[in-house]
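Could you use the hints to bring the two separately framed chains together as a complex?
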Amino acid sequence: NAGVTQTPKFQVLKTGQSMTLQCAQDMNHNSMYWYRQDPGMGLRLIYYSASEGTTDKGEVPNGYNVSRLNKREFSLRLESAAPSQTSVYFCASSQGRNNQPQHFGDGTRLSIL
Amino acid sequence: EDQVTQSPEALRLQEGESSSLNCSYTVSGLRGLFWYRQDPGKGPEFLFTLYSAGEEKEKERLKATLTKKESFLHITAPKPEDSATYLCAVLGGGSYIPTFGRGTSLIVHP
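Chains as they are written, first to last, in this note's numbering: chain A, 1 to 113; chain B, 1 to 110.
This is chain B alone, in the form it adopts within the complex (with noise of 0.2 angstroms):
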């Protein structure tokens, strides 16, 4: 069964104090790692994809790394706007259903 696990599960940062989020996952022959942000009241937006260990996406302050075991994201001195929930979710063997995290509650502070 997969299994996808979220730390912390919430994070309180001033803005420009850089973090990250970490996503362990256990998968059986993974075919991509998915990071969402869901803001209050709406539907999780997607991010970015991950395929393989070694890969990395960058879009604005934001970087997802990926190894064998875990997926980071890397938030880079980041603003207000950036506070969300952010959600993890595994894809795996021949199945099309991925499996979600709880998700990181991030807060930045002004």
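Looking at chain A on its own, in the form it has when it is part of the complex (with noise of 0.2 angstroms):
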């Protein structure tokens, strides 16, 4: 029982460099959210889909784009990196409207350069 799983665990990229953090849940949840997470900043939403097919921008969404791949899976792609976007991201799911909680991956570790 998998629960939410990243890939890849750390990177570096160099600044202008693009990639793409990968994200798959195996508790056939509705909802996804990508968050980053800065020192002092707490839990910060970058973008969520509420449901297959649907994406919505949340609190810090610029310079990143995203794609609800299927149920399982949600991506969030950089396209131009930029050493502010160094920081620990980290995917959620929940069942989303019914109260439920949220689980986590252990996050993406990503330094620019």
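Hints in this document: simulated from the structure, not taken from any laboratory.
Please read these numbers as outputs of a predicted model, since none were measured by experiment.
Any given hint might turn out to be false.
The calculated lysine to any residue pairs, modelled on SDA-like cross-linking and capped at a C-alpha distance of 20 angstroms, are [stated by the list, open to error]: (1) 42/B / 41/A; (2) 42/B / 88/A; (3) 57/A / 99/B; (4) 57/A / 1/B; (5) 42/B / 2/A; (6) 68/B / 42/B; (7) 57/A / 73/A; (8) 42/B / 24/A; (9) 42/B / 81/B; (10) 42/B / 42/A; (11) 57/B / 31/B; (12) 57/A / 92/B; (13) 57/B / 99/A; (14) 42/B / 10/A; (15) 42/B / 40/A; (16) 42/B / 99/A; (17) 42/B / 11/A; (18) 59/B / 92/B; (19) 57/B / 77/B; (20) 59/B / 103/A.
Here is the structure:
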């Protein structure tokens, strides 16, 4: 029972490079989320997907794009990485409107040089 | 706008020294308050959901309580393995996007 799986776990990029962070959940959850976590800032929502086929911006969407590939998978893309995007990225899933808690992956630690 | 404030930001305890963490919230129509534990290098791990004032939940040395304005996470006789950051989040109104606090970093010394 894997829960929420994120790949890669670590990544170092150069400014201007692009990459995609992958997330998959096996709990049949409807909603999926991408957060970034920075020291002193807490968890900040980047994008979310209420259900398969829909995506919406969160608090800090600039510089990111997302794709809800199917019910299980939700990817986050950095088109042109910037040092300000150095952070730990967490994917989460939940049942959505049924006020159930979110379940998180173990994160991707991303450094932009 | 929903708001969550956690205090203290950091707490150091001796093993066996009981204490409480606070989560104060402002939300329109609370639908759920969640407590998470986050270990270094890991994602937040779900602990409890509380739905209405007066509700309490327990798990080992942890007990979460809820009033109309705040929640407490009571830690009884903590052990070093209880060291972690504890996050609180609220879900209100018609939203399915929880609002998170910044967490309390707990260190329990042996």
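To see whether the hints hold, each was checked on the structure:
{"no.": "1", "hint": "42/B / 41/A", "in the structure": "holds, 17 angstroms"}
{"no.": "2", "hint": "42/B / 88/A", "in the structure": "holds, 10 angstroms"}
{"no.": "3", "hint": "57/A / 99/B", "in the structure": "holds, 15 angstroms"}
{"no.": "4", "hint": "57/A / 1/B", "in the structure": "holds, 17 angstroms"}
{"no.": "5", "hint": "42/B / 2/A", "in the structure": "holds, 14 angstroms"}
{"no.": "6", "hint": "68/B / 42/B", "in the structure": "violated, 31 angstroms"}
{"no.": "7", "hint": "57/A / 73/A", "in the structure": "holds, 17 angstroms"}
{"no.": "8", "hint": "42/B / 24/A", "in the structure": "holds, 16 angstroms"}
{"no.": "9", "hint": "42/B / 81/B", "in the structure": "holds, 15 angstroms"}
{"no.": "10", "hint": "42/B / 42/A", "in the structure": "holds, 14 angstroms"}
{"no.": "11", "hint": "57/B / 31/B", "in the structure": "holds, 16 angstroms"}
{"no.": "12", "hint": "57/A / 92/B", "in the structure": "holds, 19 angstroms"}
{"no.": "13", "hint": "57/B / 99/A", "in the structure": "holds, 17 angstroms"}
{"no.": "14", "hint": "42/B / 10/A", "in the structure": "holds, 12 angstroms"}
{"no.": "15", "hint": "42/B / 40/A", "in the structure": "holds, 17 angstroms"}
{"no.": "16", "hint": "42/B / 99/A", "in the structure": "violated, 23 angstroms"}
{"no.": "17", "hint": "42/B / 11/A", "in the structure": "holds, 16 angstroms"}
{"no.": "18", "hint": "59/B / 92/B", "in the structure": "violated, 25 angstroms"}
{"no.": "19", "hint": "57/B / 77/B", "in the structure": "holds, 17 angstroms"}
{"no.": "20", "hint": "59/B / 103/A", "in the structure": "holds, 18 angstroms"}
Hint check: violations occur at hints 6, 16, 18; the rest are consistent with the structure.
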